[in-house]
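**Student:** Based on the sequences and whatever the hints tell you, model everything.
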Amino acid sequence: MTPWEILLTTLVLAAELALAVGLAPLLTSVVRRRKSRSQRRTGPSMIQPYLDLAKLWGKGTVYVESSSAVTRAAPLISFASLLAAVPFVPWFFLPAPLGFAGDLIVVVGLLALSRFMTAVAALDAGSTFGGMGSTRDMWIGALFEPTFLLVIFAWGAPSGSTQASTIVLHGATLGAAHLSPALLLASAAFALLLLAETGRLPVDNPATHLELTMVHEAMVLEYGGRDLALIELGQSLRMVLLLELFVAVLLPWGIALSFGLAALALALVLLLVKLLAASALLGELETRVAKWRLFRVADLAVLSWVLALGSISLTYLVGVG
Amino acid sequence: MSLAPGQQLLEVLAAVVLVTSWISLVHRRVAALVRLYAAQSAAMAAVAGLVAYLYNAPILYLTGATIFGLNAVLIPTVLLRLQRDLRVPDEVNMLVSVRTSGLAGLGCLLLAVAVVGPLTPYAEIPAAGLLPISVTVVLIGLFLTSTRRKAFTQVIGMLVMANGVFLAGLALTFGLGLLLELGVAANLLILAIVGRLFLFRMKDSFDTVDADALRALEG
Amino acid sequence: MSLLPYDLLLLATPVVAAALVMVAPSRRVANSAAVAGGVVSAVLVLLLLSEVLSGGSVREPYGLLAVDALSGVLLLLLAIVGLASVVYSVDYLGWEDSPHPVSLERLRRYHTFVLLFLFTMFLVAEANNLGLLWIAVEGTTLCSALLVGFYHTKRAVEASWKYLVLCTVGLVFALFGTLLLYLASEASVGPAGASLDWNVLITLAPKLDPGLVRLALVFLFIGYGTKAGFAPLHVWLPDAHSEAPTPVSALLSAGLLKCAVYALLRVDAITVRMPGFSFATWLFLGFGLLSVLLAALFILVQRDLKRLLAYHSVEHMGIISIGIGFGGFLGLFGALFHMINHAATKATLFLAGGNLSASAHTKDLEEVSGALTALPATGTVLLVGGLALAGVPPFSVFTSEFLILTAGFASGDWAASALLLLALAIVFGGLMMHLMRALLGARPHQGFSTVPRRFLATALALGLLFPIVVGLGLLLPSPLSELLRQAVKVVNG
Amino acid sequence: MILVDLPVALYALSLLSFALAALAGVTSRSASVRAAHPSLALSLVGLVFGGSLAVLQLGAPSAWGSELVVPGFSAAAPGITVLDFGLTGLGAVFLLLLAVVGGVVVLASLGYVARFVHERRGPLAGLIGLFLMSMELVITSQSVFLFLLAWEGMTLVSYFLVVHEHDSWEVRRAGLFYLVMSHAAAAGVLISLVLLGAGTGAWTFSSIAAGAGRLGAWQAGAVFVAALIGFGTKAGVAPLHVWLPEAHPAAPSNVSALMSGVMIKMGVYGAILVPFELLGGTPPLWWGFTWIGLGALSCLLGVLNAIAQHDLKRLLAFHSVENIGIIFLALGASLVFLSLGAPLLAALSLLAGLFHTWNHALFKALLFLGAGAATGSAGTRDMEALGGLARRMPYTALFFLGGAMAISGLPPLNGFVSEWLLFQSLFGAFTTGSLATEVVFTAVAGVLALSSGLAAYCFVKAFGVTFLARPRSEAARSVVREAPSSMTAAMGALFGLCLLLGVAPFLLLGPISTVASGLVGAPPISYSAGGAFGSLPRPGSTGGSLAIGVVALGLAAGLLVVWLLRRMGSGHAAPRGAAWDCGIDAPTPRMEYTASGYAQPILRLFGGFYRASSHLEPRGPGSPRQGSLAKTGHVEVEVEYPLVAGFYSPLTVAVQSLARRVSRLQSGGIHAYLGYMVLTLIGLLVILRIAGGGAP
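Residue numbers (our numbering), protein chains in the order written: chain U, 2 to 322; chain L, 12 to 230; chain S, -9 to 483; chain V, 2 to 697.
A portion of the hints provided could be inaccurate.
Calculated lysine-lysine pairs in the BS3-like style (CA-CA distance at most 30 Å, straight line) [what the hints assert, rightly or not]: (1) Lys214(L) to Lys353(S); (2) Lys144(S) to Lys353(S); (3) Lys144(S) to Lys214(L); (4) Lys275(U) to Lys292(U); (5) Lys36(U) to Lys60(U); (6) Lys292(U) to Lys36(U).
Honestly, the hints are just simulated from the structure, not real lab data.
Just so it is clear, the structure is predicted and the values come from calculations on it, not from any experiment.
**Tutor:** Structure, rendered in structure tokens:
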């Protein structure tokens, strides 16, 4: 790479990081707005999440007296690993800035890392709810980790690569033929994964205030101040990350392949549209379903496995790709 | 041609050996068993002498004499004395009924014939027909040893087996040569002595010569 | 040709020693006379072997006695084990303060019988003739029966009676089988050329009538098999071994059983030369496998140390017989080698076990615990010996078993070899279960007697055997391997 | 002549120092802590020599060896009992592993043996020396006989290490179970090697490999299966793994670390040795798929059982089963690729397998040492009685957490790299063009992902319950000191290695990959080597690439930024308060989530697998009223192991009862005995009669 390209890549990297972190609360509030609208409510204002974060950031923190250094380290590591996952996903420019350095399996690893740290920290306070949330969250995560891998295999099979950029590029160049049944099945599986990973209904209810039904909320019950802010932001970041991956693979068209103002602008606009639409869809979905019993989530996981594996066999039965 | 009568006599003597062992199968009195054994041994001795005469194998005269002296006279007297000294009750107690024993004797004969019969007859060897008989006697001896309660009668059973073997040795092989004959005889004698010793010990420690009393060692 | 008829001297030595013992005025004299007998005969055996290795075989003019490599192997192990147990006896019951003291004249009787027992076994090894062989084997039965019943306890009487009856019955069969062989030779070449000298029989082998020989084999196997402790004819063995004085148990298990197998080997040497005749092989494999498998099961549930070792003898006789059955150079080599290894290992265990039960006052392994901490020396010997007996490398037993298994797999008897391995695994489990229970554990559950005992003779005896147990697995001195190879040649040409 | 040969000299020296170590350990009679040190130091020296030998071999791959024929036997049984030693590339990989992990564990033992010196049980240090020696012998033996000697020696010595605390009968029982099972397995090893020898007529590995082509398909299959049983048991592949969770908790922790870290890897070594080096050629497909099936089984069985444990060391033992499963997945994939004629992919998966072998050795040794430190100082292995150790033994906690993250396959630690490699090689199935392989391998990838997810679940529980929150019992409260410095140093070293291999795997991958491609006859795997920043291979056109260094860098950068942001302007230390308790009353340790409670969702989900039974132990007076919500007491969850309950124990019982029945043959009645004679005679005569002239 020429220094020029390196410079541009660095710029793109910075831009995408800023974009991801900046967009995260917005998309969350889009989901909430969508829900409140379909429930005939005037929900909170669109910038409410930003205000919450600012308020939390201003507050001091209190730690449980029996807690150890893990409690303090966990939010940092968990957030940092999400942050580190951003540049492995193509946003508005191909190839993804760090695409050369890692593929989607790395993303899986980083997400798992952040989950792991949160779950460990949840046990540190020694309260009952922390353990409850921790075990449930790890349980869900373990069930859906295979889904992620299977989906990666299914997505990567046509292009013969697990590299996000390669997959998207292959799709973008393929045109309409890209939307093969195999891809759709795999993406459906990914959608289920997305619900579980981001703690959405029917898996988890992010808006609940009843400890016994909490999953993610129960884990972070003991957190406050900047730590909590990081956790909340991280949760939104995780959502936007997965949403972006979803739309980028499903609808790869319009992403910028070269440094041209027009191309970049178009890519940015399309990116925004896709993400907003996706999150609106998510909110719509959340209003349609109720929370499931924890153990029914397993059925969801199994369904997602079946979808992904089906897509694999389909790929080569139909001979697409 | 001239051998024929001698052959027949041989057969007859062999039959005597067989029958004595048979009777000892069904007889209920110990002393009678001893006497039967003596008679059998005497017949054996006669066999030896006859074979020696018919096939001019002089060594066998000596053998016959040994058998007579040892098996027909010495050992039986020793045994009878022993029975008196040990006060061995005179009735044989069997593990199986008399009828069964008799039938078993028949079975022994049939088995022997079935096994030895198909063997090719040997022209060079006279009296090859005695082989089944000796096998039968051995089997009967084994049967006696294993179905009679008294250790005393077990000894008699073993002696009968030995007789069966001797019959084969005499009739079929003209003996094994002097030295071996004597060796075997000596062994028999020592066996009798050792057996006698142990019978006394058994009487001492168990106050009976019933081999069924020996059941301490198991597993 | 040698200066002296070592073979005759060897036979004479124990008898002379026995005579000396009988007139010995004191324990010291009796013991030393017995030990001297053992030592001298061991030396004579070595001289004899050196002659055999150089000259091939030593024959006595009348042709009744002869020593070739095969009998050399037997003589060697008899000399070693005999010497070891005679020496061990001195500490075991030789003095007033021994663990099992006896009166002087009973001590005389004991030594006499042991020496006569040795004599008869030497005779077995030197006999050149199936008839004489039979006489010698029967002789061993009579002497050893007296030794088994040496203690006049009820159990001893019972054991010796069973031993006497079963082995005698068996040997009558053996005699009958011998006769049938003679008959076969007679049938092939007529009365004139008939003989029981196996060198003759070997030359006649191709002409022998297979039917007769098969019949003979049945009787011979039942006869000598009883003596060798093949299942299911082994039933006398655990009783005799457990009731006899410990040195005698060692002698029985290590020497006597081998004598019986030796007799069968002599017969095998004839039958292998009969074209297309494999009945003997079947019998060896069948009895061997049956013995190994049954013994394995018996070992699992056996708690009495000496009976346990006795069942191990059954197992190992089975292994030897399987090795002979596999045949070929490798199989026979393994079998003969295993004879030596098993003799040394088993004797070691019996003697060390004697120490253990002498200080623990029980033969029941369930009642002993922590022996390794209580008696470091004896415990270690037991541990190593037990591992060796279980076929753990690098000890000698493993090597011979490995050779036998290799022979099996090479000759295509996969099933037999696999069964053998299975049985060996079960045996290993059983032995380890019992042994470790007794050896390990922190403190002995019941007091070990800490009375200072004489240990010189014990140490000497074990010191004689232990190197064989440990060393022979990795390092086979070339004279020995030469002897074994010649012995294999004797059997299968 | 032999002295100028550097490898031989190193080899001899290392064996010599091991022997001396054993001697020193056995002969030392004083009961002081120092008494064990000379022996351990000598072992270290031996490991250093061995390690340098391995490095030498990996540096300049030229298989060396020298023949040593046992006197007499060469003449007696031609060539069969030859003792042949040498070091192949594969051997070097494992020898280095032995040197590194063994060395660290010996270092830890310096402090750890202090626990044992006052109870004069046995020469622990000397046995450790022997143990290391036997493993080095296994790796360096190049002939059937020597291999068997070394193999059995290894089993035996490890048995005596396991029963070191032999005054408790559980320990003796576990030890016996282990000993018998491994001996039975050794029969498998013996069969496979002897079949090879008998089939090829050669008894040294090199000549066997040369002549292996002569073996028939059935023979080769038999060799493979026997080797699978033999080595699989030692490695702990399900369903042959049952000795592992018994033996590991029974042994002292440094021994468990050695066994789980190195010894079971000897099973992996053998499993690679037989098909790849000795048999060679193109394996039939079913070999690979057998391994894959067993590997998948082990993964799930291992991790699921691990989750159900609350004995910390049993939990770790079951995780060994899981990781061995992962290794066998990789090896199986490699065999399959070989059969499909894709050597490059075969090399890649073999590389993944070997690398994961290393990684597992590192983090499992680390975890066992950590567990040893924790349970040793608390005096109990029951997690329900631990807790709150993090604040008393911070270093142990930190390193244990690191090991937990590594074994859960989280970046930027070594576990992630080897799993990534395995995923990539599985993904390679899409280039083979065989649909079956594609679907199976994708499913396998799913299994792998599931098991690593569950592993993460399990280790959140293990770490959290053991080290976090408040002490759950007096035992845990009694812990006041950090583990001895030698142990923390050892754990630190292992953690450093995990991190190093996670960030810069090329340090090790380079040499290993040459070995791997050499074994499968593939061209060397090409990757843009650039130290930490080089990217891992993209075999053929497919796969992805990974510059784990960059990932780690990004992570670090992110961490730094966030940390700075959080610190900005919040000067004063954060105050501390009570945890939220719904306003009931002050939370007590009894309100903390227990290990069983944590495992409950999985137990419920896989109830059919566990047949877990939970029953409530009423506490205090009066039994709980039915239907009332507030029951006093605590719930016991018991998990039964279908494999053991359903197969192993019935087998043992059956054999035992059979033995008891058979032993009644020895009824004591002389007439019965004579009867046996009669029956045998009659039986043989009848056989003779039936066979008649037909008998041979």
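**Student:** If you check each hint against the structure, which ones fail?
**Tutor:** Checked against the structure, no hint fails, so every one of them is satisfied.
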